[in-house]
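Protein chains in written order, with UniProt numbering: chain A, 1 to 255; chain B, 1 to 255.
No lab work stands behind these hints: they were computed from the structure.
Just so you know, these numbers come straight off a predicted model, no measurement behind them.
Treat each hint with caution, since some may be false.
[What the hints assert, rightly or not] Computed cross-link-like contacts, BS3-like style, restricted to lysine-lysine with a CA-CA straight-line distance of at most 25 angstroms:
no., chain 1, residue 1, chain 2, residue 2
1, B, LYS191, A, LYS29
2, A, LYS32, B, LYS88
3, B, LYS169, B, LYS191
4, A, LYS32, A, LYS21
5, B, LYS180, B, LYS84
6, A, LYS32, B, LYS169
7, B, LYS21, B, LYS169
8, B, LYS169, A, LYS29
9, B, LYS32, A, LYS180
Protein chains: 2
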Amino acid sequence: MPRSTPDLIKLATRAPGNLHKEATLRELKRIKQELIELQDRLYAENRRSVLVVLQGMDASGKDGLIRRVFSGINPQGVRVHSFKEPTKLELAHDFLWRVHQQVPPRGMLHVFNRSHYEDVLITRVAGLIPAEEAHRRFTAINAFEKLLQQAGTTVLKCYLHVSEEEQRKRLEERVTDAAKQWKYEAGDEEKARQWPAYRTVYEDVFEHCSPASCPWHIVPADQNWYKAYEVARLLRDALVAMNPQYPSNKTERPK
Amino acid sequence: MPRSTPDLIKLATRAPGNLHKEATLRELKRIKQELIELQDRLYAENRRSVLVVLQGMDASGKDGLIRRVFSGINPQGVRVHSFKEPTKLELAHDFLWRVHQQVPPRGMLHVFNRSHYEDVLITRVAGLIPAEEAHRRFTAINAFEKLLQQAGTTVLKCYLHVSEEEQRKRLEERVTDAAKQWKYEAGDEEKARQWPAYRTVYEDVFEHCSPASCPWHIVPADQNWYKAYEVARLLRDALVAMNPQYPSNKTERPK
Numbered sequence: 001m002p003r004s005t006p007d008l009i010k011l012a013t014r015a016p017g018n019l020h021k022e023a024t025l026r027e028l029k030r031i032k033q034e035l036i037e038l039q040d041r042l043y044a045e046n047r048r049s050v051l052v053v054l055q056g057m058d059a060s061g062k063d064g065l066i067r068r069v070f071s072g073i074n075p076q077g078v079r080v081h082s083f084k085e086p087t088k089l090e091l092a093h094d095f096l097w098r099v100h101q102q103v104p105p106r107g108m109l110h111v112f113n114r115s116h117y118e119d120v121l122i123t124r125v126a127g128l129i130p131a132e133e134a135h136r137r138f139t140a141i142n143a144f145e146k147l148l149q150q151a152g153t154t155v156l157k158c159y160l161h162v163s164e165e166e167q168r169k170r171l172e173e174r175v176t177d178a179a180k181q182w183k184y185e186a187g188d189e190e191k192a193r194q195w196p197a198y199r200t201v202y203e204d205v206f207e208h209c210s211p212a213s214c215p216w217h218i219v220p221a222d223q224n225w226y227k228a229y230e231v232a233r234l235l236r237d238a239l240v241a242m243n244p245q246y247p248s249n250k251t252e253r254p255k
Numbered sequence: 001m002p003r004s005t006p007d008l009i010k011l012a013t014r015a016p017g018n019l020h021k022e023a024t025l026r027e028l029k030r031i032k033q034e035l036i037e038l039q040d041r042l043y044a045e046n047r048r049s050v051l052v053v054l055q056g057m058d059a060s061g062k063d064g065l066i067r068r069v070f071s072g073i074n075p076q077g078v079r080v081h082s083f084k085e086p087t088k089l090e091l092a093h094d095f096l097w098r099v100h101q102q103v104p105p106r107g108m109l110h111v112f113n114r115s116h117y118e119d120v121l122i123t124r125v126a127g128l129i130p131a132e133e134a135h136r137r138f139t140a141i142n143a144f145e146k147l148l149q150q151a152g153t154t155v156l157k158c159y160l161h162v163s164e165e166e167q168r169k170r171l172e173e174r175v176t177d178a179a180k181q182w183k184y185e186a187g188d189e190e191k192a193r194q195w196p197a198y199r200t201v202y203e204d205v206f207e208h209c210s211p212a213s214c215p216w217h218i219v220p221a222d223q224n225w226y227k228a229y230e231v232a233r234l235l236r237d238a239l240v241a242m243n244p245q246y247p248s249n250k251t252e253r254p255k
């Protein structure tokens, strides 16, 4: 676990300058072909699983990223779960209860659009829990993710890092751009003012919930093409490391 | 509801003779683009939903069809559920209990790979329930599907109609073809002998669970390219009929 607090302000929100958009998109296309084959092997092997945890501030582009990276992979082996405001039933349980129900069984690749981390992010920005409770939850989260890993799940955590300026621009477009108006929600103006508050609580997460065995990846997110490429690449590398294999046969064959 | 029993033996298992494979695959590609846009509108509209029920005998190609038709659609709005042998907990409830939990909420497109129909198919072939119980279940199924439709769900039921010869060939390939051996399961030889038994119980389903408002579509399934085209076309037509719309905005915008 890193000993010092990462400083989000200092981390890139854009692609490295030497990267060309068109070439990167071609590379993304190639990586997606690899992902299709690797997921097929993961599913056929039916022994291990993958959980991609996506976090990011409002308008960091989580929905678009899911479409760009995971479209084309066999949907039978992929499941996306979007965590919304908890229901009364969910709130009547511990904060990991509803999350635990959605973790991937053997062979599956699950994607969390938001996750258990909201319980140490929005809850803090909204002043619903004190810092001590957040720190108790960090411990619980680390233990939970370790449990999943020990059961054969590769956990890939990606933070879509959008700059304050880009976020403001995108939230404004929801009002001014006819094609984006349906995304507008009451409170979007308020969200645009909360970037610094979210920065603080995210930094606390990266300090306390990023053990070497399960680190956070900070993905520059001001450009949609780059973040899709980056997340696809991270997922490809994780799957290559797992190296799933087609089983020779499911049960014994006749002689 | 049709008054006479449909005779599966008389229904085509191959594409019409005037259809060319290459041209049909090009058309499938075009239809998939339409599906991507229509699903996006369904999701944004967030008012209605779609349930695709896929049934077919073993080796009729359900898994491959799901990959061919639904890959490429935004996975955030699509969920595939494969119904396997029921667990003890599931068996401790009525047969629709586990199925009801997986129906699509507003905005979503769900695909059932096998479904509640197994409870009036394999159960009968295996001699687990008498004909009277099957007929009680037909009534329950019709009421259940009507409930879903009244809640805004379009239910599209497709039977992948594979011929006895083609099924035998495919099951044999699981033994002889190295790339398909992992699909082999004990009992595949037995399955190849059960085509006539399944034919009888499927015909009973088509007679009793195919009201005009929720008919079964019998899809010729001996050729993978044709069945994918046919199911994609049926789904496209269903979505066009629903004509989902992007909402102008989610909540009230500032003036």
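Status of each hint after checking the structure:
1. LYS191(B) to LYS29(A): violated (40 angstroms)
2. LYS32(A) to LYS88(B): violated (39 angstroms)
3. LYS169(B) to LYS191(B): holds (12 angstroms)
4. LYS32(A) to LYS21(A): holds (16 angstroms)
5. LYS180(B) to LYS84(B): holds (20 angstroms)
6. LYS32(A) to LYS169(B): violated (33 angstroms)
7. LYS21(B) to LYS169(B): It holds: about 21 angstroms lies between the C-alpha atoms, which stays within 25 angstroms.
8. LYS169(B) to LYS29(A): violated (36 angstroms)
9. LYS32(B) to LYS180(A): Between LYS32(B) and LYS180(A) the Cα gap is close to 24 angstroms, so the pair holds against 25 angstroms.
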